[in-house]
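Visitor: Take a look at the letters that make up each chain.
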Amino acid sequence: MRFRDHRVVGDILELASRYRDEGADELVFYDITASPEGRSVDRDWVGRVARVLDIPFCVAGGIRSVSEAEAVLNAGAEKISVNSPALADPSLIDRLSRRFGSQCVVVGIDSGRASEGYRAHQFTGDPGRARESGRDVLQWAREVQERGAGEIVLNCMGSDGVRRGYDIEQLRAVRAICQVPLVASGGAGEIGHFAAVFREAGVDAALAASVFHSGAIAIPDLKRELRFAGIEVRP
Amino acid sequence: MDAAIIDSGGANLASLQFAFERLGAKTRVTADAREIAAAPRVVLPGVGSAADAMERLRRSAIDTLLPTLTQPVLGICLGMQLLFERSEEGSTPCLGILPGQVRRLTAAAGRPVPHMGWNRLEDCKADPLLAGLAPGTYFYFVHGYGVPVCELTVAPVEYGGTLSAVVRQGNFWGVQFHPERSAASGARLLGNFLSL
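Line order of the protein sequences matches chains L and V.
Under my numbering, think of the first position of the first sequence as 1, with each following residue one higher.
Under my numbering, think of the first position of the second sequence as 1001, with each following residue one higher.
Mixed in with the good hints there might be a few duds.
Short derived list, chain L residues pointing at chain V, Cβ under 7 Å [claimed, not checked]:
#1 Asp25
#2 Asp54
#3 Ala75
#4 Phe100
#5 Gln103
#6 Ala173
#7 Arg175
#8 Ala176
#9 Gln179
#10 Ile191
#11 Gly192
#12 Ala229
#13 Gly230
#14 Arg234
Note that these hints are calculated values from the structure, not bench results.
Glycine is no exception: its CB is placed at the ideal position from the N, C-alpha and C atoms.
With the hints as constraints, model all of the structure from the sequences given.
Guide: Pasting the structure below:
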């Protein structure tokens, strides 16, 4: 999504309201080109989203300082999520959690399989600048918790956009060392994938984008099926 | 004005104002003790650390004003915790309006801390703040500290152990969750507060 385009901002509000009405529990807004382009997210739309949304939402993209985070939170976002800027300067996580409390500091990790284990990737919003950060994902996940992250969103790049299911094995590995809420991201293609990731990886939440945007999965259907599968969901 | 929202320096002031705005209510975010004293209702929000928030209240002499208020007062999240005597968060002395201590939540398997997400109220005592909200209603929680169940608990929530989700003593109410981010059930609760 291109947040700087006013026409598109209108679409964001519409989409946000639609998901709210369908029963989404939380929304995350990613401005994925913000970090590679060296800019921060525009604040303007955050306030407009906050005005209409009555569920929590998180803003991600190019937040590199306490003051940038403050502007987004003051505009009405519940949480901010940092990814590339935290890899560049891990102390950002300490500063954010000291100032705002760890409950609103989410660390996103774009994780790819390496020859051994998993590595965190940076600037994944721009294919030209995306690169492996050299950090081992499990070590990085431990470090961000020590620094005060209140939630980890693990985006498994290998399964992202492929719709063949979440990377259960990788999520389990991170779950085992993760004391804070863990959100699964990347790979949802059908309703069964959600049930599987809750059951088999023990994650606290599952995030998906394309299956909802395209209408392939309707949130009320998803919730009904999850409830049917014995997984507790908000009605 | 329907309610004064105390400027406690937290970051959820905008979302709280928007939530009241959606109910057609007029609110003002203020740190002015006279304005707060004169308001028909007072909301004490709070996000961040207990020590920072208390320091901010002290600076504007709201810490001494709050215990004297007789209109309905609603503490939200950290705002609810501040109503108690002391918080384990930085071992901070709080307002002491309500008896009791705020404890750090302990992480357990399947119960990561902070407690973050939707959770439902257990049995509720009858209270006008919860009118029309049955036990089992979901609200959105985000907190790493909490108030153990005590005689002031109106509705508990299960998370590892049992915690106070809603407390009340006289004209002071506290909710651990965020009604401003709790969809229709949150709107109902804030609406109930506006009719107190």
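Visitor: Work down the list of hints and note, for each, if the structure agrees.
Guide: These are the hints, each one checked on the structure:
Taken as an interface hint, Asp25(L) checks out: its beta carbon lies about 6 Å from the nearest beta carbon of chain V, inside 7 Å. Taking 7 Å as the C-beta contact cut-off toward chain V, the hint placing Asp54(L) at the interface holds, the least distance being around 5 Å. Against a cut-off of 7 Å between C-beta atoms, the interface hint on Ala75(L) holds, since the closest Cβ of chain V lies about 6 Å away. Contact between Phe100(L) and chain V, as hinted, is supported at the beta carbon level, the nearest pair being about 6 Å apart and thus within 7 Å.
Here the hint on Gln103(L) is kept, as its CB sits about 5 Å from the closest CB of chain V, short of 7 Å. At a threshold of 7 Å, the smallest CB-CB gap from Ala173(L) to chain V is about 16 Å, leaving the interface hint violated. Proximity of Arg175(L) to chain V is violated relative to the hint, the smallest CB-CB distance being about 10 Å (cut-off 7 Å). Interface hint status for Ala176(L): violated, as the beta-carbon distance to the closest one in chain V is roughly 11 Å, over 7 Å.
Hint on Gln179(L) holds. Least Cβ distance to chain V is approximately 5 Å, under the 7 Å limit. For Ile191(L), the suggested interface contact is broken, since its CB lies about 19 Å from the closest CB of chain V, more than 7 Å. Taking 7 Å as the C-beta contact cut-off toward chain V, the hint placing Gly192(L) at the interface is violated, the least distance being around 22 Å. The interface hint given for Ala229(L) is broken, as the beta carbon of that residue sits about 17 Å from the closest beta carbon of chain V, more than 7 Å.
Annotation: interface hint on Gly230(L) violated; nearest CB of chain V at approximately 15 Å, more than 7 Å. For Arg234(L), the suggested interface contact is upheld, since its CB lies about 4 Å from the closest CB of chain V, less than 7 Å.
This entry does not satisfy hints 6, 7, 8, 10, 11, 12, 13, going by the numbered hints stated previously.
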